[in-house]
Amino acid sequence: MSIEIPVDKWPGTVNTVTLGATEADGGTRAKVVTIGGEQSLPFMHFETEMPHSPVIALEMTPSRTDDWSQILLDAWGDVVEDPARWAAAIEAAGADVIVVTFGLTDPAGDPITPDYAVSTVKAVLEASGLPLVVLGPGQADVDNELIVPVADSTKGERLVLGLCEDGNYRTIVASAMANDHLVVGRTPMDVNLAKQLNILMTDMGLPLDRIVMDPTTGGLGYGIEYGYSVMERLRLAALQGDAMTQLPMLVTPGYEAWRTKEAKVGEGVPETWGDWADRGVHWETLTAVSLVEAGADVVVLRHPESLKRVREAIDELMTAAPA
Amino acid sequence: MALSGIQIYKMLPQTNCKECGFPTCLAFSMKLAAKQVELDDCPYVTEESKEQLAESSAPPIRLVTLAGPDRETAAGNEVVLFRHEKKFFNRPGVFVRVVDTEDTAAITEKVAAASAYTVDYVGIDLNLDGIAVEGASGDPAAFAAAVGAAREATGLPFMLVSDDPAVMEAGWKAVEGEKPLLMGANSSNWEAMVDLAKQAEAPLGVVGETLEELAELTQKIQEAGVEDMVLQPAPTAMGASLAMQTQIRRLALKNFRPLGYPTVAFASDSGDPAKEATLAAHAICKYAGFVVVDSFAPEFVYPILVLRENIYTDPQKPIQVLPAVYEINDPKPSDPVLVTTNFSITYFSVANEVEGSGLPAWLVVTDAEGMSVLTAWAAGKFDAEVIAKAVKEFGVGDKVEKKVIVLPGHTAVLSGELEEELPGWDVKVGPREAVDLPGYLKTVLA
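Chains as they are written, first to last, in our numbering: chain A, 2 to 324; chain B, 37 to 482.
Simulated from the structure, these hints should not be mistaken for laboratory data.
Glycine included, every Cβ here is placed at the ideal spot set by N, Cα and C.
Errors might be hidden in some of the hints.
[Said to hold, decoys possible] Which bits of chain A does chain B cover? Going by a derived footprint, with three or more residues having C-beta under 8 Å, they are: (1) 33-47; (2) 95-107; (3) 133-145; (4) 226-236; (5) 289-296.
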């Protein structure tokens, strides 16, 4: 019997975006990372070749780590006290990209300053050859105060700067445009809000090959299904030809998973939850793998063991069935 | 796919006799297409049309039920590729595997533990669905003994795994009268397996390397008299299995009957719980009807069961709790009032934290149409007016003296407006995450 396999032919293509710049291109990165370019749903190799594998970023913070699970702090050890060493450890762990997320304070607990942000980002650039994503704490005024000087002092690196949000994107987009950087825009789990922000950012003149979108996800057990379906819908819209959804997607399963009680807390929880450390890594890994199936181009993780597991899954998914 | 009213109309007598109770055959066709009437209401429909219509109204993926003494589990009846298009209906049954080369004490222990496992997730009890007994020994007596040992420890449905008909026969006879999945038939053993499935009146698993091999087998097996089947695409590497599972689902939804059956995914052969967990997640997201795992440990099965619950939640109907004021740890009039939304995950996160802290509080749950705090706030369903209305409607002011009300940290911006809406109340801003509530209650409010 011969079976005619249904093949979807889509008119749209996801934008191709390159993170980081080597010396030849005006930066200092030892390697760059290219994402996007899909012409089919994730891993449908029998339809079109998937030009770029989803990539894995590991996240670090040069601020206080009190809200990081003890499991994560134990996994990284004392490098968490030194952003440069932490960055080097992330590269050694096998990440493709480093995400530097600033909180509101420095490690001593004092309000964070632009000088500290600039010197930290420079130290990280020095310590690692990977492309960087640099995110503010998510408060409009502080984000702008930190990200602008970082952008100015790292011109040409093609950093990904954020967070651009509905109420606060102009300053960051402008400083990215002036300094050859990229931006990431985050919207709360909604197809139309994602499109809207992408329209606003491109209206300022930032080319589409310098924007990635973070449609936001929930952690496993805490609304992952909303993020999952919004990502599937965004990707379907992109393939159908809607230009303002054709951006590669970056999501943060590490952050979302490790703030759930299941991953964060080891005491006073039901016995039926089992071993804390293993549970936390499963929680992050399963959140990430599901989002990769839904179309994520960049997953931002926190635990080095999760990176290994998600890497193995992505490598297998990238391998087509023997013809 | 189901036929449209017009397509059905063409198969009807088109005499407008009205005996069905509708003025025209077309009107009746439309009701039929909407599944609001039965075809039998038409006295004049031909046998040929009846057959055609019955064929087209059968679900594109057959519903297959496995049953043990105490429980059943079913897969199939799915109608979409993406959960947002409608929803995924039958949660994939998660089966824990034991092998007949293990000693019976070990089998009994593992099966009993897996069978007893239950974990509370937002008020829902999550459980495992069955046990897969694998005949690796090749010895019918050993397989029957393992099946018997497993059955002593549980009432869950079974999946019997062997490609040797003699071994399979010994296995199902040990649980005669039940509906286990006989896993499975392949190109060389299918005739003997069909005989067993017919004797046992049990569904038959069908193993194939390719879609063609699977489709040829299911047709032969169906012609030989077995209707209930479950497909096992042999490739287990994630890229290959994703392609095959997707193609099976797509073809089934296009009414390609030979592949219109639920599938099973064996995550159990990887020999590594880490790998097994990602394979199970992959199978749950992408179309498996049954998932077999070898590991059984709470920290391993809990996230898998939660993922299944999440992916199979109806996207149109988030799980909600009733808007009301909830009393946690016997609050007194001097205790604080906390506010959150009626999305069940939000409610349970907050309620569990407060309960766990041992400190009393009044928890006001507003009607946010089942959205979480941030989503509801962004959508305008959780603002000062809504909160104030809930506080008044539930008579919270009469229950407390101190009138301290705590907003979720993410919605700090609402505090000014809420002070205007609720004069006489002390509006405070709590932590952003529920997990930080106990600390907040102990330090800030103490």
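Structure-based check of all given hints:
With 4 residues having a Cβ less than 8 Å from any Cβ of chain B, the segment 33-47 of chain A passes the three-residue criterion, so the hint holds. For the segment 95-107 of chain A, the stated coverage by chain B is violated: 0 residues have a C-beta nearer than 8 Å to a C-beta of that chain, whereas at least 3 were required. With 0 residues having a Cβ less than 8 Å from any Cβ of chain B, the segment 133-145 of chain A misses the three-residue criterion, and the hint is violated. A count of 6 residues in the segment 226-236 of chain A with a Cβ less than 8 Å from any Cβ of chain B is obtained; the coverage claim is therefore met, three being the minimum.
Coverage of the segment 289-296 of chain A by chain B holds in this model, with 4 residues showing a Cβ closer than 8 Å to a Cβ of that chain against a need of three.
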